[in-house]
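Enquirer: Below, each chain spelled out in residue letters.
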Amino acid sequence: MATTMTKAQIGLTGNSAIAYAMKQINPDVCPAYPITPSTAVVEEFSSYVADGKVDTEFITVESEHSAMSACIGASAAGARVMTATSSQGLALMWEMLYIASGMRLPIVLTDVNRALSAPINIHCDHSDSMGARDSGWIQIYSETVQEAYDNLFQAVRIAENEKVLLPVMVCLDGFITSHAIENISLIDDDDIRQFIGEYKAQHPLLDTDHPVTYGAMTLPDTYIEFKRQQSEAITRAKDVVSEIGKEFGKRFGREYGLMEEYKLDDAEAVIVILSSAAGTTKVAVDELRKAGKKVGILKPRLFRPFPFKEIADALKNVKAVAVLDRADSMSGFGGPLFNEVRSALYELEKRPKVVSRIFGLGGRDYMVKDAVHVFDELLKIVETGKVETLTKYITI
Amino acid sequence: MATLKELSRRDELLSGGHRLCSGCGIPPIVRLVLRAANGPVVATTSTGCLEVGTSIYPYTAWRIPWIHSAFENAAATISGIETAYRVFKKRGKIPQDKKIKFIAFGGDGGTYDIGLQALSGALERGHNFLYLCYDNGAYMNTGIQRSGATPFGAATTTSPAGDVVLGKRETRKDLTRIVVAHNVPYAAQASPHNWADLSRKAEKALKTEGPTFLNVISPCPLGWYSKPEESIEAAKVAVDTCYWALYEVENGVLKINYKPKEKKPIAEWLKMQARFKHLLKPENKESLDKLQKSIDAEWERLLSLDGKVI
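The listed protein sequences derive, respectively, from chains S and B.
So the first sequence is numbered by my numbering: it starts at 1 and just counts up by one.
So the second sequence is numbered by my numbering: it starts at 1 and just counts up by one.
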């Protein structure tokens with residue numbers, strides 16, 4: 001890959017862009033284990049190590065469980081730590097995800113979203129990261145390669161912010177974003193190093209003159225206080241994500257908020273959707289807008305912590321909402337995003353009708369026509385005030 | 001090698017006041033190994049007796065930087081810490097002349113069983129650390145369930161001695177051999193009753209570049225149903241019966257460190273522990289003989305390899 005091009009646009013896959021961002025960050029330690037579709041991230045990063053483009057220590061662990069365990073050890077030691085995974089890999093890390101966040105370790109992980117077994121499937125859906133939604137990690141979803149690249153730098157700043165000190169997961173869609181080549185703008189190495197700054201851990205294990213104990217046993221007299229502090233930290237993270245998104249915009253011209261609103265101002269029918277499928281939905285919105293339909297999109301960028309107030313505020317004047325989930329929570333009542341959005345809207349005095357549509361599991365294509373069809377359903381709800389089907393699978 | 005006098009003058013790095021049981025083999029092992037380190041040490045411990053007994057918040061018995069993260073990942077955790085140390089040295093964040101040693105402590109459950117994969121990976125990758133397994137022969141922390149290290153015939157809460165099954169039906173896993181198969185520069189078995197041998201081995205392991213391993217028998221009055229005041233004696237008899245051979249493998253050469261003048265019958269060790277009482281009944285002689293035979297065979301195997309490249 002040409003590394004001399006900085007200002008101009010360059011065509012990169014999502015995985016290459018993540019690996020390149022990691023090269024620019026040059027973390028202290030990167031423990032990683034290969035898994036489709038995130039494999040290219042660690043392959044390309046290992047080339048940067050082999051060619052001396054970074055002086056990161058790369059640990060080729062024997063499992064994702066050990067990858068996250070080594071991340072925890074290195075981060076507690078005081079290092080800036082990054083890794084990447086997908087699907088079963090994230091599932092195998094699950095136990096350790098809670099320990100990373102509970103120990104308040106600012107680890108940054110790229111999750112290239114992929115379906116979970118069984119049946120085995122290597123293609124995109126969000127069941128892996130949704131399975132980790134209560135693990136105490138901040139989760140940011142990326143629509144495009146550019147967003148994934150930009151999000152990774154911001155993730156480092158968010159994680160290490162002293163008001164936060166929590167791990168961050170940057171999600172991008174497997175194959176759809178990870179393997180598609182997109183023209184993106186790269187940021188100069190010096191500029192990005194200035195943006196992320198040096199990391200200085202507060203209580204590193206390697207400071208042997210000031211010994212600390214990590215991971216002590218707690219009993220019912222203290223455990224809940226630790227969890228409350230953690231909950232307060234992730235709640236504070238929301239404002240930090242906003243501030244850093246604004247600062248990023250000032251420095252590099254691409255500002256990021258908690259969510260993206262697309263033609264939402266006067267919209268009566270809205271689709272709420274994460275990641276790359278928002279792009280497909282935008283095309284449908286443009287087509288329907290040409291026909292005079294008042295449709296729009298709300299694309300949450302931050303899923304953990306969940307911006308309840310901001311989402312309610314953005315949808316307060318909407319009449320019908322379809323929340324499209326690329327994962328099922330198996331609750332018998334729609335997907336995870338649906339349940340959170342619907343809960344967010346409960347505080348509104350005048351609530352829109354909200355339906356759940358589960359789509360695209362295991363990489364099933366989500367086409368413009370699918371989005372148009374959902375909008376047609378929503379416009380009918382707007383017209384009649386009646387919901388025929390509250391929850392259902394589409395793209396089947 | 002440090003003398004007893006020298007060792008006694010070094011800092012006590014595992015404080016008293018911890019909650020490990022009376023007669024537990026773990027504290028004397030850990031204290032001796034930390035003294036043998038003689039310099040900055042960072043340690044991790046897998047979930048288990050040592051972790052629970054030394055760390056109940058807001059107290060800690062550790063006077064060194066210490067982390068516990070989970071049950072099966074002590075070797076992976078120490079891999080991350082040791083790697084951070086190397087990168088900090090490379091990047092000038094730690095002075096070149098500062099040397100830190102790294103130790104992962106795990107029980108037999110966290111090492112023979114659930115942590116075996118992480119241990120194997122860390123050994124293969126060649127991190128510079130000592131892994132110390134304190135082998136008390138069962139999942140003692142959760143209430144004496146059988147592990148891959150539990151001896152044949154021992155009664156545990158998941159391999160009870162009943163009317164038709166006489167305790168654990170399987171012979172134990174030979175973890176030290178598995179570790180040696182990774183071609184690590186140093187691996188050894190030790191016992192807390194022989195402090196000189198244990199501290200020498202710890203010192204050697206910590207001075208050796210690369211991954212090293214100590215498997216240390218750790219009496220457990222609670223799970224062995226033995227007398228707390230006889231723990232160190234029980235460790236000695238385990239060695240004198242050749243149930244627990246003291247040997248080391250250094251750069252591929254096996255050396256037996258102690259050969260009992262008169263090898264005691266295994267019944268001598270069993271009779272100290274009520275977990276084996278059913279094996280000592282005359283009607284169960286067949287099982288006792290089976291255990292004796294397996295110990296004899298392993299001892300003969302070690303004798304045949306003594307002084308040789310294995």
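Simulated from the structure, these hints should not be mistaken for laboratory data.
Careful, some of the hints might be misleading.
As the list claims (entries may be wrong) - Capping the alpha-carbon separation at 25 Å, the derived lysine-lysine pairs in BS3-like fashion look like this:
no.: 1; chain 1: S; residue 1: Lys53; chain 2: B; residue 2: Lys90
no.: 2; chain 1: S; residue 1: Lys53; chain 2: B; residue 2: Lys93
no.: 3; chain 1: B; residue 1: Lys227; chain 2: B; residue 2: Lys271
no.: 4; chain 1: B; residue 1: Lys98; chain 2: S; residue 2: Lys200
no.: 5; chain 1: B; residue 1: Lys89; chain 2: S; residue 2: Lys53
To be verified - Output of the computed footprint for chain B on chain S, the stretches with three or more beta carbons under 8 Å from beta carbons of chain B:
no.: 6; stretch: 68 to 74
no.: 7; stretch: 133 to 147
no.: 8; stretch: 363 to 373
Glycine included, every Cβ here is placed at the ideal spot set by N, Cα and C.
Enquirer: Work down the list of hints and note, for each, if the structure agrees.
Expert: Right, here's what the structure says about each hint:
Between lysine 53/S and lysine 90/B the CA atoms are separated by roughly 15 Å; this keeps the pair inside 25 Å, and the hint holds. Taken as a hint, the lysine 53/S and lysine 93/B pair is honoured in the structure, with Cα atoms around 20 Å apart against an allowance of 25 Å. With a CA separation close to 11 Å, the supplied pair lysine 227/B and lysine 271/B stays within the 25 Å bound. A distance of roughly 19 Å separates the Cα atoms of lysine 98/B and lysine 200/S; the hinted pair therefore holds under the 25 Å criterion.
Using a Cα cut-off of 25 Å, the hinted pair lysine 89/B and lysine 53/S holds, with the two alpha carbons roughly 18 Å apart. Taking a C-beta to C-beta cut-off of 8 Å, the stretch 68 to 74 of chain S contributes 6 residues in contact with chain B, enough for the three needed, and the coverage statement holds. Counting residues of the stretch 133 to 147 of chain S whose C-beta lies closer than 8 Å to any C-beta of chain B gives 0; at least three are required, and the coverage claim is violated. Using a Cβ-Cβ cut-off of 8 Å, 0 residues of the stretch 363 to 373 of chain S lie near chain B, which falls short of the minimum of three, so the contact claim is violated.
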